[in-house]
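*Asks:* Residue numbers (our numbering), protein chains in the order written: chain Y, 1 to 137; chain U, 1 to 137; chain G, 1 to 137; chain A, 1 to 137; chain B, 1 to 137; chain V, 1 to 137.
Quick caveat, the hints were computed from the structure, so don't treat them as lab data.
Just so you know, same-sequence chains aren't split out, so a pair can sit in one copy or run between any two.
Derived DMTMM-like pairs: lysine to aspartate or glutamate, alpha-carbon spacing no greater than 20 Å straight-line: (1) Lys27 - Asp56; (2) Lys25 - Asp56; (3) Lys64 - Asp76; (4) Lys123 - Glu44; (5) Lys123 - Asp79; (6) Lys123 - Glu8.
6 protein chains.
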Amino acid sequence: MVYVTRVEHFNAAHKLWNPAWSEEKNKEVFGKCANANFHGHNYELHVTVKGEVHPDTGFVFNAKTLGDIMKSKVVDIVDHCNLNIDVPFMEGKFTSAENFAIGIWNELVNEVEKNGAKMHCVKLIETQRIYVEYFGN
Amino acid sequence: MVYVTRVEHFNAAHKLWNPAWSEEKNKEVFGKCANANFHGHNYELHVTVKGEVHPDTGFVFNAKTLGDIMKSKVVDIVDHCNLNIDVPFMEGKFTSAENFAIGIWNELVNEVEKNGAKMHCVKLIETQRIYVEYFGN
Amino acid sequence: MVYVTRVEHFNAAHKLWNPAWSEEKNKEVFGKCANANFHGHNYELHVTVKGEVHPDTGFVFNAKTLGDIMKSKVVDIVDHCNLNIDVPFMEGKFTSAENFAIGIWNELVNEVEKNGAKMHCVKLIETQRIYVEYFGN
Amino acid sequence: MVYVTRVEHFNAAHKLWNPAWSEEKNKEVFGKCANANFHGHNYELHVTVKGEVHPDTGFVFNAKTLGDIMKSKVVDIVDHCNLNIDVPFMEGKFTSAENFAIGIWNELVNEVEKNGAKMHCVKLIETQRIYVEYFGN
Amino acid sequence: MVYVTRVEHFNAAHKLWNPAWSEEKNKEVFGKCANANFHGHNYELHVTVKGEVHPDTGFVFNAKTLGDIMKSKVVDIVDHCNLNIDVPFMEGKFTSAENFAIGIWNELVNEVEKNGAKMHCVKLIETQRIYVEYFGN
Amino acid sequence: MVYVTRVEHFNAAHKLWNPAWSEEKNKEVFGKCANANFHGHNYELHVTVKGEVHPDTGFVFNAKTLGDIMKSKVVDIVDHCNLNIDVPFMEGKFTSAENFAIGIWNELVNEVEKNGAKMHCVKLIETQRIYVEYFGN
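Looking at chain Y on its own, in the form it has when it is part of the complex:
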């Protein structure tokens, strides 16, 4: 069993806001992340798959194929977008890094696994000081 990770980048706007709360409560919990007109990030996305090495290629999973899946299922949908407005798979969810990583996992898992490997981890780096990891459950 070997683990293979592909890294892709995208830039997006978002804000953190709970509509059930007052502005005061939002600012208290989310701080500057609650600013009404959005802020944004250069997100770095690491997707790790695992499996046996295939004897014909030396690959667990063709990294180019993994990049293509990440682009078509995630990067093309979220790059240069507003996570609170433009992204169908985040509709109705708080756009925290945690929820976003779970959303990305769900977009990718079927396409990856029908290419013959197991999804292992979605790691989403929001800033140089905050990142989250999701392993599927």
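Assemble the complex: chain Y is given as a structure, and chains U, G, A, B and V must be docked to it using the hints.
*Replies:* Quick look at chains U, G, A, B and V alone, frame taken from chain Y:
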């Protein structure tokens, strides 16, 4: 003469849009950067000052003071904001990295130079693949 | 279950020295790290917590709160200090990265866990070429 | 139990090519990596060992010793070489990152474990966008 | 006047070898870089152009256009290639980073300057420890 | 004319302290950097030389030679040392990054220039947020 650079970070949303142009023309020139609902970046800001080493301190410019000026004049104004809406010093300007670097220079130069050094460069890293530098003219 | 990591930085001096050994033996085992007058590092500290996503916030753990705990319990105690002299929680211990990571875990675990998540990992990067990870046992 | 990682670097040429396949099939599967005259990488190698902290040193494993083992067993053999031609431990294998990581593990495991720790992981970073991890089975 | 830099990456094999010299002399001067079967690098290429900010766009030079020129004129020619064999613009030259940076400048300068800015610098990062810069003369 | 840069690393302890001042004044100006028992850094040193490309090698300056000079003249003297106590070329000087960069220039310039290139810049990165550059006057 020694050059001293201080690095600060902030996160902001923006879009590139020329209101004198059609949507078509905006998309042709600015591509995804013209998306209506904004996108965003983790900006990295390098400010370089230059001067002689002061014999009492070994400093050209106290890096903590430089950081404090960068924070009060720029980072506190732009962090977790929307450059197209929330930032007085960018009002009426396209929020390209070029214009933003010039705007930052203008916010900083007086405060830096009255602390006794010359401003040398504002370097603004928008993504891992695009950065701009402005030297004041 | 999602894993959230917060990164903080600090600068400290230390040396590696076993007082039960001769100078010769110390130099043989610890090399330059045994130099009498100390050396130092820009430490990078990653603290990872894990838990369920809270439905009111989309957070497992507020990253700002995690940063505040790391600062008050660790960074404020060790930043710009000498690990062999100035840090109560390292008293009487060799200041290896291994021992330091365990010490940091012990300083943080109660405060993190009473905020409702499980501590998962302390990762301490001593140089670009050496890092250690501790998972609590 | 603490995990200690040492990082080393080397530069090597390679190509991906299955001699049982046509050129067309090789280009289809391996893309540009099948170019006949080789390409190359700045590889970054992370080796992680784990064990108890030794009471005389505060070390799980002397990082200098770990670096020396990595150099004598791997870096000196592969640095500035062609993985398809010059490296005995890769003879007859596709030089994918996956196979290379397994090969490196096998070169290191005995020497590391007779120095008193358990091998935990070989992480091999081939480019800023592709890395693999192998845990020994 | 603002300076705009675009960064692209590619992977290539090369070796340093002076055919007028003995093998001994080549090894003495070029060390491991003279190994017969090539080694390789993940090159990072920074191209900086300079000019006035255009009032209709806020751009000195559209960074996407700059990236497209870098790709069509350089990256597509050298990526996953052997600099000593496959690259027309390096034919008959030693493939040192210095010569390679000059070669890249010459490939780019006309196309950049007919798009309305001045070429300022080609910076070529060969490894984390060696980079070269060329300013056109 | 091409510019060639070599990067080396070292770890050192230091403190900022003006013995002509009270403790209070030292703390006011130097902040935590004045802590009595020292702190430390992972310094990153970039030395840039410039010259014409030599027709026999394609080199302006052999990067390995440059690294060897940096090691023998600077890194071996300062690595794992205390800049305030152990380093002859810093004796009697405040160990600010500015003074340290000037001191490093002076240690290197003769040896570099008798190898046939001009010294251009010493860049010293003290932390991820502070660096200085010195060009020799």
